[in-house]
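Asks: Sequence:
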Amino acid sequence: MIPSSPMNNQETGSEKSNKTQQTQTFDLHPHGPHAEALAEQWAQWIRKILIVVAVIGAGGLGYLGYDNYRHSQGQNAFDELFRAEKIEEIANREASALKVSALEVMKNWPEEKKVEFSTKLQSVMDRFKGTTAGTLAGFKLGRWNLDLQKFTEAETVYRQLLKTTQSGSSEENLLRSMAVEGLAVSLENQNKLDEAKKSYEEGLTLKANPLRPMLLLGAARISSALGDVEQSRGHYQNVVKEFPDSDFEKRARALLAYLDLKNQGT
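Add 16 to a position in the sequence shown, counting from 1, and you land on the number used in my numbering.
Accuracy of the hints is not assured; some may be wrong.
Restricting the straight-line Cα-Cα distance to at most 27 Å, the calculated cross-link-like pairs of lysine-lysine (DSS-like) are [unchecked claim]: (1) Lys115 x Lys102; (2) Lys278 x Lys214; (3) Lys179 x Lys214; (4) Lys102 x Lys130; (5) Lys266 x Lys223.
Derived from the structure by calculation, the hints contain no laboratory data.
Using the sequences and the hints, build the whole thing.
Replies: Here's what the structure looks like:
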């Protein structure tokens, strides 16, 4: 955080309140009882940003401008995606007015509106499979299903994405790792632990993977649940070693201490 300048002594109470809200909203170093929830919120933002970066990178600079697609097949795909995203944009405006997250607004939608949003994203994913728009729609749909705790549906989406992503370049590895991580989370929440472990471990083999700390934490959690304490400890220690001075390190140290305490004397 950038400290306030001494010259700002004349700011109004409203300005101070706004600054306080901004500080609370964008604090990337959470502490206290809500640390894990805030860390997960930060991780979700990482995923969303990386989706866009990876898809643009994998497709080339041509994807940067929608106008370049006005006379190409890509136009229809992006038209459909933008129509689906309009629903999300309305939620963003409502969230801004209510000073809550867009996700909170979307979770309070009536069921028919939730279904409409899911159906539009599924349509883009199915009709334009393997395209930039189709891939973006797929990742949005997968995350939306996870947010709604529809883990079976999320599993289906991420398995579809894995069929259209491959390892290779750094951008391709990123897309692949996001699909693998989404699948692992879906499986873990259905208690399909062996399958989830396999997915986490696949993600850990990908090079130049910015999701590696989250995959290590997931693999550690699964190993512990399956009774392999030493492997779990090893994954946590790798987070501490590979990502020093990060929120991931703090989280890994806390979970490692809990793991050792839980298994003391065994």
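Asks: Would you mind marking each hint as holding or not holding in the structure?
Replies: Hint by hint, here is what the structure shows:
1. Lys115 x Lys102: 20 Å, holds
2. Lys278 x Lys214: 25 Å, holds
3. Lys179 x Lys214: 17 Å, holds
4. Lys102 x Lys130: Holds, at roughly 13 Å.
5. Lys266 x Lys223: 24 Å, holds
This entry satisfies every hint, going by the numbered hints stated previously.
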